[in-house]
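A.B. asks: Protein chains in written order, with this note's numbering: chain L, 2 to 220; chain C, 20 to 240.
In case anyone wonders, no lab produced these hints; they're calculated from the structure.
These numbers come from a predicted model, not from an experiment.
We put the CB at the ideal spot given by N, CA and C, even for glycine.
Among the hints, erroneous ones may be present.
[Said to hold, decoys possible] Looking from chain C toward chain L, a few residues come up when the C-beta cut is under 7 Å (computed):
#1 ALA174
#2 LEU229
#3 LEU233
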Amino acid sequence: MKGMWWKILGVFLVLYAIVGGLLIEVPRLPILNETIRNLYFHVTMWFSMIILLTASLVHSIQYLSSGSLERDTRATETASVGILLGLLGVITGSLWAKFTWGAYWVNDPKLNGAAITILIYLAYNILRGSLEDPKKRARISAVYNIFAYVLLIVFLIILPRVTDSLHPGNGGNPAFSTYDLDNNMRLVFYPAIIGWSLIGFWMVNLRRRLFLLESKDDD
Amino acid sequence: MGKLIQESLTMFNWDLKREWKEKNSIGSMLIFLLSTLMVVYFALGTQLRPGIWTALYWIVLLFGTSGIVLRSFASESKAKMLGIYTMIHPNAFILARILFNGVNSLILSLLAAFFFLFFYQLEIASPSTFILASVLGTLTMTSLLTFITALSYRAKNPHILSVILAFPISIPILLSAIQLSMISTGQVGLVSSLNLVSVLVALLVLVVVLSLLLFPYLWRD
Numbered sequence: 002m003k004g005m006w007w008k009i010l011g012v013f014l015v016l017y018a019i020v021g022g023l024l025i026e027v028p029r030l031p032i033l034n035e036t037i038r039n040l041y042f043h044v045t046m047w048f049s050m051i052i053l054l055t056a057s058l059v060h061s062i063q064y065l066s067s068g069s070l071e072r073d074t075r076a077t078e079t080a081s082v083g084i085l086l087g088l089l090g091v092i093t094g095s096l097w098a099k100f101t102w103g104a105y106w107v108n109d110p111k112l113n114g115a116a117i118t119i120l121i122y123l124a125y126n127i128l129r130g131s132l133e134d135p136k137k138r139a140r141i142s143a144v145y146n147i148f149a150y151v152l153l154i155v156f157l158i159i160l161p162r163v164t165d166s167l168h169p170g171n172g173g174n175p176a177f178s179t180y181d182l183d184n185n186m187r188l189v190f191y192p193a194i195i196g197w198s199l200i201g202f203w204m205v206n207l208r209r210r211l212f213l214l215e216s217k218d219d220d
Numbered sequence: 020m021g022k023l024i025q026e027s028l029t030m031f032n033w034d035l036k037r038e039w040k041e042k043n044s045i046g047s048m049l050i051f052l053l054s055t056l057m058v059v060y061f062a063l064g065t066q067l068r069p070g071i072w073t074a075l076y077w078i079v080l081l082f083g084t085s086g087i088v089l090r091s092f093a094s095e096s097k098a099k100m101l102g103i104y105t106m107i108h109p110n111a112f113i114l115a116r117i118l119f120n121g122v123n124s125l126i127l128s129l130l131a132a133f134f135f136l137f138f139y140q141l142e143i144a145s146p147s148t149f150i151l152a153s154v155l156g157t158l159t160m161t162s163l164l165t166f167i168t169a170l171s172y173r174a175k176n177p178h179i180l181s182v183i184l185a186f187p188i189s190i191p192i193l194l195s196a197i198q199l200s201m202i203s204t205g206q207v208g209l210v211s212s213l214n215l216v217s218v219l220v221a222l223l224v225l226v227v228v229l230s231l232l233l234f235p236y237l238w239r240d
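Use the sequences and the hints to build the structure in full.
C.D. replies: This is how it looks when you write it as structure tokens:
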């Protein structure tokens, strides 16, 4: 049981987010109506994605300073799980957009930001695929990971400011912005972020162990 | 610091001499520019809306600079690289490369602006904004491409790889530069040109600093 507590906590928090997210009273806002509940899933998954990608960055920096291949495995597995959460975020957001905006995909800076984020980490995987020597692959992909992460964050910060967005909270749309996110919603919102992140790190752990077993098989 | 600058200037001179001897960079730039202009002329005539003008101008700069950067790395053999490796600090190498490609790209943007304004009349409401957009946009773009191409040259298929790796992360640069040049043609943007200029300057500094921090890790082989 030792060392298990955070996994149990993760499962519990996600269950709580699903049950609470669907049942707890939410503010009635025009256009959004009941779709506001998607905040508990779509937005929290994106927050967790950023947390995981940041963890991946930290692993990459640690790889460059220590040179241990285990760090490299952690960096790449964390990035993969982060992107999985990102894809889920895109899917939930897309479903939400269908009911609020009337289309699955519209030209919106936040959607473009999502697409670019996924493209960057696809490029990261392509880079890893084209390098065979494990040490070299670890070093070069760590360098790209750091470089791309910094530019991605800059991009996610400046993009919504230089273009107009349909997203709630932008361009006068009814929003989940600070004053609309009432205290009831916070009760589910923050635990959900922690829950998804914990489940994400659990998945990273499983993938890393699987990778270790597979590489032992090869020897 | 002084040694770094001295070494990068030596490297820069060396690149410049090679370029002077071969003279292929300026020639290919001109051919690329003129053929693009011909295609645009055949398809659209000489009257272009500011939006289309800006789009074409930045397409030319984007592909032109990636050509320049790729060429600067293509002429290097393994043996030559080993020679450079023993002589100078990695940061001097990447700094000199960024400088050399930057100068080349500035020449390209100058030529592109000249030809585009010569053939397609366009009212530029604020020339200083236009110049800032072109200079900062090309320099930032070139620095990013130089670093990413140096990185891809450590892997297989560097030509394809550098495009795949550079494209998604170069979007913020392109976006700010294009918005800024749209403002210079009299369009109203969502943000002031001062904000966009500071974003571009910040991106340029960021890309150069990251290149200097990370390039030594690529160098060790």
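A.B. asks: Double-check C/ALA174 for me: the hint is only fine if its C-beta lies closer than 7 Å to a C-beta in chain L.
C.D. replies: 5 Å, holds
A.B. asks: Interface hint check: C/LEU229, Cβ to nearest Cβ on chain L, cutoff 7 Å. Holds or violated?
C.D. replies: Interface hint status for C/LEU229: holds (5 Å vs cutoff 7 Å).
A.B. asks: Against chain L, run the beta carbon of C/LEU233 and see if the smallest gap drops under 7 Å.
C.D. replies: 5 Å, holds
When the structure is compared with the earlier hints, no violation turns up for any of them.
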